[in-house]
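Work the whole structure out from these sequences, hints included.
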Amino acid sequence: MKKYTYTEKKDTRSGFGAGLLEAGKKNPEVVALCADLVGSLKMDAFIKEFPERFFQIGIAEANMIGIAAGLTIGGKIPFTGTFANFSTGRVYDQIRQSVAYSDKNVKICASHAGLTLGEDGATHQILEDIGLMKMLPGMTVINPCDYNQTKAATIAIAEHHGPVYLRFGRPVIPVFTDPDQKFEIGKAWMVNEGTDVTIIATGHMVWKAIEAGEKLAEMGIDAEIINIHTIKPLDEAAVLKSVKKTGCVVTCEEHNKFGGLGESIARLLSTELPSPQEFVAVNDSFGESGTPDQLMTKYGLDSINIIEAAQKVIKRAKK
Amino acid sequence: MKHIKHRSIKELEDIAAQVRRDIVRMVHRCQSGHPGGSLGCADFFTALYFEVMNHSTDFTMDGKDEDLFFLSNGHISPVFYSVLARSGYFDISELATFRKLNSRLQGHPTTHEGLPGIRIASGSLGQGMSVAIGAALAKKLNKDHSVVYSLHGDGELQEGQNWEAIMYAPFNKVDNLISSVDYNGQQIDGPTEKVLSLENLQAKFEAFGWHVINSDGNDMDSIVKALHYAKSLLGKGKPILNLMSTQMGAGVDFMMGSHKWHGVAPNDEQLALALAQLPSTLKDY
Chain A
1 MKKYTYTEKK DTRSGFGAGL LEAGKKNPEV VALCADLVGS LKMDAFIKEF
51 PERFFQIGIA EANMIGIAAG LTIGGKIPFT GTFANFSTGR VYDQIRQSVA
101 YSDKNVKICA SHAGLTLGED GATHQILEDI GLMKMLPGMT VINPCDYNQT
151 KAATIAIAEH HGPVYLRFGR PVIPVFTDPD QKFEIGKAWM VNEGTDVTII
201 ATGHMVWKAI EAGEKLAEMG IDAEIINIHT IKPLDEAAVL KSVKKTGCVV
251 TCEEHNKFGG LGESIARLLS TELPSPQEFV AVNDSFGESG TPDQLMTKYG
301 LDSINIIEAA QKVIKRAKK
Chain B
320 MKHIKHRSIK ELEDIAAQVR RDIVRMVHRC QSGHPGGSLG CADFFTALYF
370 EVMNHSTDFT MDGKDEDLFF LSNGHISPVF YSVLARSGYF DISELATFRK
420 LNSRLQGHPT THEGLPGIRI ASGSLGQGMS VAIGAALAKK LNKDHSVVYS
470 LHGDGELQEG QNWEAIMYAP FNKVDNLISS VDYNGQQIDG PTEKVLSLEN
520 LQAKFEAFGW HVINSDGNDM DSIVKALHYA KSLLGKGKPI LNLMSTQMGA
570 GVDFMMGSHK WHGVAPNDEQ LALALAQLPS TLKDY
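For the record, the sequence lines run as chains A and B.
Numbers 1 to 319, taken from the numbering used here, label the letters of the first sequence in order.
Numbers 320 to 604, taken from the numbering used here, label the letters of the second sequence in order.
Mixed in with the good hints there might be a few duds.
Claimed, not checked - Keeping only pairs whose Cα atoms sit at most 20 Å apart, straight-line, the calculated EDC-like set for lysine to aspartate or glutamate is: (1) A:K25 to A:E159; (2) B:K550 to B:D538; (3) B:K492 to A:E52; (4) B:K383 to A:E29; (5) B:K544 to B:D381; (6) B:K462 to A:D235; (7) A:K298 to A:E119; (8) B:K579 to B:D508; (9) B:K557 to A:E52; (10) B:K459 to A:E29; (11) A:K315 to A:D196; (12) B:K419 to B:D538; (13) B:K462 to B:D333; (14) A:K182 to A:E119; (15) A:K48 to A:D36; (16) B:K383 to A:D103; (17) B:K459 to A:E52; (18) B:K462 to A:E52; (19) B:K492 to A:D36; (20) A:K241 to A:D222; (21) B:K459 to A:D293; (22) A:K9 to A:D293; (23) A:K312 to A:E218.
What the hints contain is simulated information worked out from the structure, not anything from laboratory work.
This is the structure we're talking about:
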């Protein structure tokens, strides 16, 4: 197992804030919009540097999506910022008609995704957003795994033409990816090469997959770990190549198992390479109040759950 | 390419009559679509595209240094398509494809099929004002002094997103925007005052900080004057709202003034009756 270490923990939303500032410096067409959550989205640095390129919309997410769509007409590259719940479910029809169907170059940037939003509870913890966004034709869906990857993804999506959903989170987590990485949309990252099982993880679950991989190695199980940061378009070649080698797969995501990354992998494998698969994901449930760690444990999203899923799926593959 | 060729009121009325012929013929041909609101707004569209707007038929999505128009109540697509074709965005023969398979003239306007003149999809109601505001903000950032226009149904104002946009625009001094409301008092299920009354729209917009003007949307002289007056009010810190009284079905007597022709196509006999009331001033497509 390849060794991954970290010296600090940071929130992915801060990676977004840093990436937004850099994207703004690189391209004067980059503008930002926020629906009364500037601090939570870490947009302060961008606003300080480019006050005339920032639009405070107020608590009016539908209007924010529409204004963002309009700003693209005139060549702007708008980044909208609010919580994942209010970035997707609340404004699905606005995104569908004014952004996706209209092919507008809007970057929908969503913080506080998933259970790790924590104490605010299920009203704010969306676990359906990947599904909602990936169903929209032409929508790119990205869920980066740490501060550095989120920063790099934010810069990369500014250079990509087309609507993007960028999903990140609230809690501080290990920073373990390369600070100078070049983010390639739609390209899987090989975290660890292995032969016994493919573990595919996205977002906050990637570090947990690494922890699981280390434990599995101690048990004599050689896990291949792949980070799918771009859920759509899916790097199908990377997934097929790995599963062809290992014969089984575990998918890990902080999302409902219905509609998430796991289903995208299952859709691919069912047609191309039918293989045993286990889902480490929320089992068709809403969340609740609690600390992020408590919630990840209660809803089965810890490294132990990945280990158990790997053991189970390997047994199924051997049958 | 960008110029405004000024026309007399009579010339504009003649164009509007042809636009109305186009509308009833398009809707009749595919036996679906929305003639009522389209007919009611024929004069407004004609005034906008043939007299008021500084626009180019060499279509670019960004529309830099030209006036832009956004249709929020997308179901009145027949009038939009007719006026775009008649002003030169695409050939009038394409009007015959309205609502047919593989057409660029979808039931509701869309950018998806690449029809020149369309910059946003609309049809799901209530979204157009936000988009128009965004385009107006982009123009300000680009130091582009042209104007953004939008049109909204009155019933459409029942959608909440409008009021987010109506609140946003004056507070943020979006004063390069002229929005018009097709104030015909009708919606699918009946008169707006019976379905969900809009009450005093002028007072509501004014309370939100808009400069409101009134016009008769079925009187060419009134609508042209109103839009020119609206332009003179731009750049003074307030968005402009043109509260435009119209009659659903205007120009075809048996369709006028009733919600019943909101989304119903005429049969052959009704088409003949309608066309008899509308002189063919330009060539039919």
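Check the structure against each numbered hint from earlier and tell me which ones fail, lowest number first.
The structure conflicts with hints 5, 6, 12, 13, 14 and 21, although it agrees with all the remaining ones.
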